[in-house]
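Novice: Single-letter residue listing:
Number of protein chains: 2
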Amino acid sequence: MRKSIQSLARINNTLSFAPRNCFYATVQSKAVRYEKFGNPLEVLKVENVDIDTSVKNDEVVIKMLAAPINPADINTIQGVYGKSPKSFPAVPGNEGVGIVEEVGSGVTGLKKGDHVIPSNGGLGTWRTHLVCKAEDVTTVPKELPVEYASILSVNPCTAYRLLSDFAELKPGDVIIQNGANSMVGLMVIQLAKLRGIQTINLIRQRQNHDLTVQRMKQLGADIVMDYSFASNNTKMSRLLSDLPKPKLALNCVGGDAARIVTKYLAEDGVMVTYGGMSRQGITVPTSPFIFNNITLKGFWMTRWVETHSKEERQKMIDELSKLVIDKKLLALVETHKFSEFNYALEKSFEDGQERKVVLKMNE
Amino acid sequence: MRKSIQSLARINNTLSFAPRNCFYATVQSKAVRYEKFGNPLEVLKVENVDIDTSVKNDEVVIKMLAAPINPADINTIQGVYGKSPKSFPAVPGNEGVGIVEEVGSGVTGLKKGDHVIPSNGGLGTWRTHLVCKAEDVTTVPKELPVEYASILSVNPCTAYRLLSDFAELKPGDVIIQNGANSMVGLMVIQLAKLRGIQTINLIRQRQNHDLTVQRMKQLGADIVMDYSFASNNTKMSRLLSDLPKPKLALNCVGGDAARIVTKYLAEDGVMVTYGGMSRQGITVPTSPFIFNNITLKGFWMTRWVETHSKEERQKMIDELSKLVIDKKLLALVETHKFSEFNYALEKSFEDGQERKVVLKMNE
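Residue numbers (the numbering used here), protein chains in the order written: chain A, 35 to 397; chain B, 35 to 397.
The shape of chain A in the complex, shown without the other chains (with noise of 0.2 Å):
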């Protein structure tokens, strides 16, 4: 991935053509935009673009502060991803946060001044302004900081659910997932120790190994351990032997990985795959199926968010919101200026999934 990167003045490529309809407003934004699937290195280019900001009755102006680069963006521009764009040229990016800046007249609930995230993906974000239908976004609160903002509806979101929905878990019970040190894995951790759940966090031997442990204990780890240590029967027997069987095993990883992580379910317990970083399948041997009767389960965020409410959608995006604000559920992000757009993606893809590489829009 690490290739050289053509400068930014040279891929402005900006579009100077007068506005369609020059009795509308305008406004001219930036935005990364590309025409064809490909390595995002080679696809993305930043361009200037006109807005017309007359909105219709069902729509707002938003203006956008932040946003971040995730892998599933990534993937989404190589054209390896389970959605992809209605059209081309495509803006990129699910996620970000941003203040609405005009509200057409049939909007209720929004105001000028709000601050609102996506409510789905698909939105592109990699940009400084879009128009949409008010009820493409949601309300965050402003004591919100807005990098938080811009990645609270994908990572954290799928941390609640993957806690909330495929097991009843209770003070005391055990989960146990790979992956441990992504973002997800982190505010997994984050939001099973309010809650008084007990957490086996397996992670690849790395560098800095022992500060990662150590972070990951900070943030509410209660064992954390390396994949040969968890292959490692005796090993595990012993350290398990005090412990509740996992109710809950969450796999990001696949491989291996995946099937360690079932390996230590409890009967009836489920796996639940919300992604697959090693890019191999998952292998899991029959007789926990038939004897154990365990359960495997996937978890996606859009389609969490296109087959549930508005409503339940908002509960769990206020409770985040306030843990954040009280500084009760925290995250590594590594901000960069949005005119630095090359830089931050070619961060972007820096090994470390723990922190996120996020743009601040009007930077």
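Hints listed in this document are in silico derivations from the structure and should not be mistaken for laboratory results.
Check each hint, because a few of them may be wrong.
Remember, identical chains collapse to one label, so a pair may be satisfied in a single copy or spanning two.
[To be verified] Straight-line C-alpha distance at most 25 Å; calculated DSS-like pairs for lysine-lysine: (1) Lys394 to Lys381; (2) Lys297 to Lys117; (3) Lys64 to Lys344; (4) Lys279 to Lys117; (5) Lys204 to Lys167; (6) Lys381 to Lys120; (7) Lys331 to Lys176; (8) Lys381 to Lys331; (9) Lys146 to Lys120; (10) Lys331 to Lys204; (11) Lys331 to Lys344; (12) Lys146 to Lys394; (13) Lys331 to Lys297.
Starting from the known structure of chain A, fit chain B onto it as the hints suggest.
Specialist: Just chain B now, with coordinates in the frame of chain A:
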């Protein structure tokens, strides 16, 4: 598994000691027994056992009529099954049918002459007589041929539950199964046909392949194919283009055969594993969990019985019995005299899961 078998005469280690308590009525019975886990051809012995037939309040004496040799019995004897005998010497055999010969004074709902099958596994049916609690057996109609009665409680019941408990199947819906020529597979085909559910059936390429396919179609199979056809995307796409996607996939094989049936599942589809004939784990890609919301479950008849009411089971047994009596549910049964147990045991190891070896206990 082919090896010379000791003659029956040599392994009939008649136990000739006097009954422990001579006041009690006894009957001399024959029972297959084993003292330790191992190769069934080596550890099993047919022995004479005196049975105390002076039943307690809640007990019944059963004269066995027929009992099948199932793969689960073999695996139990080998010590590789999910359930083991409580103590040794143990009598193998989880299924069978018998006739009630004596009834304890406190028993209601059972009378002399009733035909009964075990309420769950572990009763030890490979013997001519047994004494058990009345609640350990369930009545079946006397019109039910004993060969069928003896195999009713595992394979037909498994097929019944697989079609009833994991997906809401309406007439016209489609299911896909591997190992479709197994006895459960053939039961699934017939029960599905009776409900108007279409079946896609995957089998191994084999000698007499056309004959096998023909027989499966006679039983009601809509589509039968081998695994190489099912692995060919182009052929499969063409074949399946006119069908609704399968809501349910059934897996008794594992390995690649499990992946293939999962691949064609509809959104929200469920794959149920009820066996692992290939002795390979289940490998499935990550994406259908996330983007297609599939679920993987397991099924084990023994657990179902333990977690459901006697009434629910009786309803199923009655329905299936009626279908057999009405000749709407067929099975291939190969009967052997119990006096030729070792020969029958050897035959049960032969390839061709679809025919069941059943011991006639009074021959």
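Novice: Hints first: check each against the structure and report whether it holds.
Specialist: We went through each hint and held it up to the structure:
no., hint, in the structure
1, Lys394 to Lys381, "within (14 Å within a copy, 74 Å between copies)"
2, Lys297 to Lys117, "between (32 Å within a copy, 18 Å between copies)"
3, Lys64 to Lys344, "neither (30 Å within a copy, 69 Å between copies)"
4, Lys279 to Lys117, "between (36 Å within a copy, 20 Å between copies)"
5, Lys204 to Lys167, "neither (40 Å within a copy, 39 Å between copies)"
6, Lys381 to Lys120, "neither (28 Å within a copy, 61 Å between copies)"
7, Lys331 to Lys176, "neither (36 Å within a copy, 44 Å between copies)"
8, Lys381 to Lys331, "neither (33 Å within a copy, 41 Å between copies)"
9, Lys146 to Lys120, "neither (29 Å within a copy, 73 Å between copies)"
10, Lys331 to Lys204, "both (20 Å within a copy, 24 Å between copies)"
11, Lys331 to Lys344, "within (24 Å within a copy, 31 Å between copies)"
12, Lys146 to Lys394, "within (20 Å within a copy, 85 Å between copies)"
13, Lys331 to Lys297, "both (15 Å within a copy, 15 Å between copies)"
Of the hints listed earlier, those the structure fails to meet are numbers 3, 5, 6, 7, 8, 9, in rising order.
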